[in-house]
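Q: Model the placement of chain B on the given structure of chain A, informed by the hints.
The listed protein sequences derive, respectively, from chains A and B. Counting in numbering that gives the first Met the number 0, the first sequence runs from 0 upward without gaps. Counting in numbering that gives the first Met the number 0, the second sequence runs from 0 upward without gaps.
A hint or two may mislead.
To be verified - Think about it this way: if two alpha-carbon atoms lie no more than 25 Å apart in a straight line, the pair counts; the simulated DMTMM-like pairs of lysine to aspartate or glutamate are: (1) B:144 to A:309; (2) A:315 to B:199; (3) B:144 to A:220; (4) A:252 to B:308; (5) B:314 to A:200; (6) B:29 to B:81; (7) B:100 to A:126; (8) A:242 to A:263; (9) A:151 to B:308; (10) B:154 to A:200; (11) A:316 to B:152; (12) B:229 to A:200; (13) A:151 to B:126; (14) B:144 to A:119; (15) B:251 to A:220; (16) B:315 to A:155; (17) B:154 to A:309; (18) A:151 to B:226; (19) A:122 to B:126; (20) B:309 to A:317; (21) A:122 to B:213; (22) A:318 to B:200.
Stated by the list, open to error - For the chain A half of the interface with chain B, some residues (derived, Cβ under 10 Å), not all of them: (23) 54; (24) 116; (25) 120; (26) 128; (27) 132; (28) 144; (29) 169; (30) 174; (31) 175; (32) 246.
None of these hints come from the bench; they were simulated from the model. From the three backbone atoms N, C-alpha and C, an ideal C-beta is built for every residue, glycine too.
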Amino acid sequence: MLLFPLVLFPFLLLLLYFIVRPRPVNIPIKNRHVFITGGSSGIGLALAHQAASQGARVSLLARSLSKLEEAKQSIRLSSGVDVSIFAADVRDYDAVQKAINDAGPIDVLVVNQGVFVPQELEKQGLEEVKFMIDVNLMGSFNVIKAVLPLMKERKDRGPTSIALMSSQAGQVGVYGYTAYSASKFGLRGLAEALQQEVIADNIHVTLIFPPDTDTPGFEQESKVRPELTTILAGSSGSMKADKVAKKALDGIKSGSFIVPCNFEGQMLAIATAGLSPQRSFLMAFFEVAFIGICRLVALFFQWNWYGSIEQWHAKKKEK
Amino acid sequence: MVLFVLLLLPILLLLLYFIVRPRPLTIPIKNRHVFITGGSIGIGLAIAKQAASEGARISLLARSLDKLEEAKQSIRQAYQVDVAIFAADVRDYDAVQSAIKEAGPIDVLVVNHGVYVIQELENQGLDVVKFMIDVNLTGSFNVIKAALPLMKDRKDKWPASIALMSSMAGQVGIYGYAAYSATKFGLRGLAESLQQEVIEDNIHVSIIFPPVTETPGIDEARKNMPELSKIIVGSGVMKAEEIGKITVDGIKCGSFSIPCNFLGQTFAIATAGVSPQRSFLMASLEVVFAGLFRFGGLLFQWNLYGIIEKWHAQKKQ
Numbered sequence: 000m001l002l003f004p005l006v007l008f009p010f011l012l013l014l015l016y017f018i019v020r021p022r023p024v025n026i027p028i029k030n031r032h033v034f035i036t037g038g039s040s041g042i043g044l045a046l047a048h049q050a051a052s053q054g055a056r057v058s059l060l061a062r063s064l065s066k067l068e069e070a071k072q073s074i075r076l077s078s079g080v081d082v083s084i085f086a087a088d089v090r091d092y093d094a095v096q097k098a099i100n101d102a103g104p105i106d107v108l109v110v111n112q113g114v115f116v117p118q119e120l121e122k123q124g125l126e127e128v129k130f131m132i133d134v135n136l137m138g139s140f141n142v143i144k145a146v147l148p149l150m151k152e153r154k155d156r157g158p159t160s161i162a163l164m165s166s167q168a169g170q171v172g173v174y175g176y177t178a179y180s181a182s183k184f185g186l187r188g189l190a191e192a193l194q195q196e197v198i199a200d201n202i203h204v205t206l207i208f209p210p211d212t213d214t215p216g217f218e219q220e221s222k223v224r225p226e227l228t229t230i231l232a233g234s235s236g237s238m239k240a241d242k243v244a245k246k247a248l249d250g251i252k253s254g255s256f257i258v259p260c261n262f263e264g265q266m267l268a269i270a271t272a273g274l275s276p277q278r279s280f281l282m283a284f285f286e287v288a289f290i291g292i293c294r295l296v297a298l299f300f301q302w303n304w305y306g307s308i309e310q311w312h313a314k315k316k317e318k
Numbered sequence: 000m001v002l003f004v005l006l007l008l009p010i011l012l013l014l015l016y017f018i019v020r021p022r023p024l025t026i027p028i029k030n031r032h033v034f035i036t037g038g039s040i041g042i043g044l045a046i047a048k049q050a051a052s053e054g055a056r057i058s059l060l061a062r063s064l065d066k067l068e069e070a071k072q073s074i075r076q077a078y079q080v081d082v083a084i085f086a087a088d089v090r091d092y093d094a095v096q097s098a099i100k101e102a103g104p105i106d107v108l109v110v111n112h113g114v115y116v117i118q119e120l121e122n123q124g125l126d127v128v129k130f131m132i133d134v135n136l137t138g139s140f141n142v143i144k145a146a147l148p149l150m151k152d153r154k155d156k157w158p159a160s161i162a163l164m165s166s167m168a169g170q171v172g173i174y175g176y177a178a179y180s181a182t183k184f185g186l187r188g189l190a191e192s193l194q195q196e197v198i199e200d201n202i203h204v205s206i207i208f209p210p211v212t213e214t215p216g217i218d219e220a221r222k223n224m225p226e227l228s229k230i231i232v233g234s235g236v237m238k239a240e241e242i243g244k245i246t247v248d249g250i251k252c253g254s255f256s257i258p259c260n261f262l263g264q265t266f267a268i269a270t271a272g273v274s275p276q277r278s279f280l281m282a283s284l285e286v287v288f289a290g291l292f293r294f295g296g297l298l299f300q301w302n303l304y305g306i307i308e309k310w311h312a313q314k315k316q
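Just chain A, same shape as in the assembly (with noise of 0.2 Å):
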């Protein structure tokens, strides 16, 4: 019985080497310009800080002016390194048209800019809803269709990215996430279908799915969270903005499609590894190992969710 897997692994890997597609990529970051959304703050200026101090030429796009100077400036003071900066909102076109063709040429395309405000759908406000619709899914596809005719039409023939930052929200669906999930389960049919069109352009798509991360905007997200929504996502570490960069900038350079943060990050994509593409062709070898054990792992979690919804509710109706 053990004969069987050991011939089997040897012969599924070799197929899965030759049948992964799209075709593993290295993309280059020193001296190559990164364009980051939402890299006044969090995730996207840790990773505007990671990819300066590699060597590349920066630029970020943030709403507020001040806090764009405030992030130019430590940059400048940690590594030397000069940004451009550009104020735009990604709900507005016209400002992102610009400021990307301000920029210049873009080599990796960071959509990183977001908002988040959990509520349950029965009290949370429609405003609330469009805002994260608009921000989160909306400003991305303003933000990818302004940067797409200049990155197909580059000089340099070299691979370009567009990365997208996701959310392990944008992997399950949890109490109190209706909209934020459904703007960043949004993200992923974007990119599962923006990889099939722009692979003959030498460009690669790639979604970041961090867990809850140390930022400002976390710090406000706290405040508001229903405390069910708390219990529930509890299951997840959370981790800081620094780790959750390395993780996505490691990930862009390899072109991974989906690049999980942490471990529960990488059984999550593994269980919902669903239909998407998988460049690697060791990862896909796991996903096909261990995607039944996932699904399993994934049962169990919901039993352990449904569970502590029922009893939060019972003990509601007691007091």
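A: Just chain B now, kept in the frame of chain A:
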């Protein structure tokens, strides 16, 4: 080794029988109020007819009063049943809310409306992208938000349902479908979260994943579709009536994911992810076959990218 599997399988089945959440249930529709958005044509109308034939009280919401009148007529002729009709654009929350209030307490909400324009993102106008997001995604939020308070306060404490019409393009993104897939993937994030929020009120969320279906919209979409999208998606279609029946059956089982054909079922197993599964049998199939179907998914991508490469090579010549 065969012995090992033979022993493991019943243990797995037993385990899953106890842990699947939310628990399985049946949602009756006879004599209950089914409210369908995008109900005047296509899949929405097919769902209406199926539900009407099973004795449900039907309300239809759509933009065009003319099409609604036609739908009302055709249902009256076929089933001698009168449906209520409401003209509103799902992007207009106040109009939606007013229609829903007039319709009265809803037992089964079918959020079925949708628009689709298939084109490379590079060539698609942002107004068209916005149109799809506003109608398919934000519009669904509008409808659910308007219906929720009444659904939560309903007198009859039987199980209620919120069903969302997604698409196979909501299981995998395809060339030309960036905006459409974005909206349909989004519905799943909404559904997974919503189910956790409304389970306490005995409301059950379903999401349906039809393939290309023969509806009035399809010819228009096909005319303007990129050639590569046509090649990838193929020419197979399912009939709206079939989708209508599968949808109603799935809603009555309270199933979270409702695929509509064999390929859809394999997609559903491959993309089960962390979604809930009420059927312990289905859960077992997912655990046992997810690996095989992930492998199938990788073959699918290999084939897909091969088609794209060939097509571009031909174009260059």
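Q: Against this structure, judge whether each hint is valid.
A: Here's how the hints hold up against the structure:
Distance check on the hinted pair: residue 144 of chain B and residue 309 of chain A sit about 23 Å apart at the alpha-carbon level, within 25 Å; holds. Distance restraint check for residue 315 of chain A and residue 199 of chain B: the Cα-Cα separation of roughly 12 Å lies within the 25 Å cut-off, and the hinted pair is therefore satisfied. The hinted pair formed by residue 144 of chain B and residue 220 of chain A meets the criterion: a straight-line CA distance of about 22 Å does not exceed 25 Å. A hinted pair counts as satisfied when its Cα atoms are at most 25 Å apart, and residue 252 of chain A with residue 308 of chain B qualifies at roughly 23 Å.
At roughly 14 Å between alpha-carbon atoms, residue 314 of chain B and residue 200 of chain A fall within 25 Å of each other, so this suggested pair holds. Distance restraint check for residue 29 of chain B and residue 81 of chain B: the Cα-Cα separation of roughly 15 Å lies within the 25 Å cut-off, and the hinted pair is therefore satisfied. Of the pairs offered as hints, the one joining residue 100 of chain B and residue 126 of chain A holds, with about 21 Å between alpha carbons and a cut-off of 25 Å not exceeded. With a C-alpha separation of about 15 Å, the suggested pairing of residue 242 of chain A with residue 263 of chain A holds against the 25 Å cut-off.
A threshold of 25 Å between alpha carbons decides the hint, and for residue 151 of chain A with residue 308 of chain B the separation of about 16 Å falls inside it, so the pair holds. At roughly 58 Å between alpha-carbon atoms, residue 154 of chain B and residue 200 of chain A are farther apart than 25 Å, so this suggested pair is violated. With a CA separation close to 16 Å, the supplied pair residue 316 of chain A and residue 152 of chain B stays within the 25 Å bound. Restraint check for residue 229 of chain B and residue 200 of chain A: the C-alpha separation of about 21 Å stays at or below 25 Å, so the hint holds.
At most 25 Å may separate the alpha-carbon atoms for a hinted pair to count; residue 151 of chain A and residue 126 of chain B meet this at roughly 22 Å. For the proposed pair residue 144 of chain B and residue 119 of chain A, the alpha carbon gap of about 10 Å is at most 25 Å, so the pair holds. At most 25 Å may separate the alpha-carbon atoms for a hinted pair to count; residue 251 of chain B and residue 220 of chain A exceed this at roughly 37 Å. Between residue 315 of chain B and residue 155 of chain A the CA atoms are separated by roughly 20 Å; this keeps the pair inside 25 Å, and the hint holds.
Between residue 154 of chain B and residue 309 of chain A the CA atoms are separated by roughly 21 Å; this keeps the pair inside 25 Å, and the hint holds. The suggested pairing of residue 151 of chain A with residue 226 of chain B holds, with an alpha-carbon distance near 20 Å, which does not exceed 25 Å. In summary, the hint linking residue 122 of chain A to residue 126 of chain B is not supported, as the alpha carbons are separated by about 30 Å, beyond the 25 Å threshold. At most 25 Å may separate the alpha-carbon atoms for a hinted pair to count; residue 309 of chain B and residue 317 of chain A exceed this at roughly 65 Å.
A distance of roughly 38 Å separates the Cα atoms of residue 122 of chain A and residue 213 of chain B; the hinted pair therefore is violated under the 25 Å criterion. The suggested pairing of residue 318 of chain A with residue 200 of chain B holds, with an alpha-carbon distance near 18 Å, which does not exceed 25 Å. At its closest, the beta carbon of residue 54 of chain A sits 30 Å from a beta carbon of chain B; the interface hint therefore is violated under the 10 Å criterion. With its C-beta approaching chain B no nearer than about 13 Å, residue 116 of chain A sits outside the 10 Å limit, and its interface hint is violated.
For residue 120 of chain A, the interface hint holds, since its Cβ comes within 10 Å of a Cβ in chain B; the closest pair sits about 6 Å apart. Hint on residue 128 of chain A holds. Least Cβ distance to chain B is approximately 5 Å, under the 10 Å limit. Annotation: interface hint on residue 132 of chain A holds; nearest CB of chain B at approximately 6 Å, less than 10 Å. Annotation: interface hint on residue 144 of chain A holds; nearest CB of chain B at approximately 6 Å, less than 10 Å.
With 10 Å as the threshold, the beta carbon of residue 169 of chain A comes within range of chain B, its nearest partner Cβ sitting at about 7 Å, so the hint holds. Taking 10 Å as the C-beta cut-off, the interface hint given for residue 174 of chain A holds, the closest approach to chain B being about 4 Å. Here the hint on residue 175 of chain A is kept, as its CB sits about 7 Å from the closest CB of chain B, short of 10 Å. The restraint placing residue 246 of chain A at the interface with chain B is violated, with a minimum CB-CB distance near 20 Å, outside the 10 Å limit.
Hint violations for this structure: numbers 10, 15, 19, 20, 21, 23, 24 and 32, all remaining hints satisfied.
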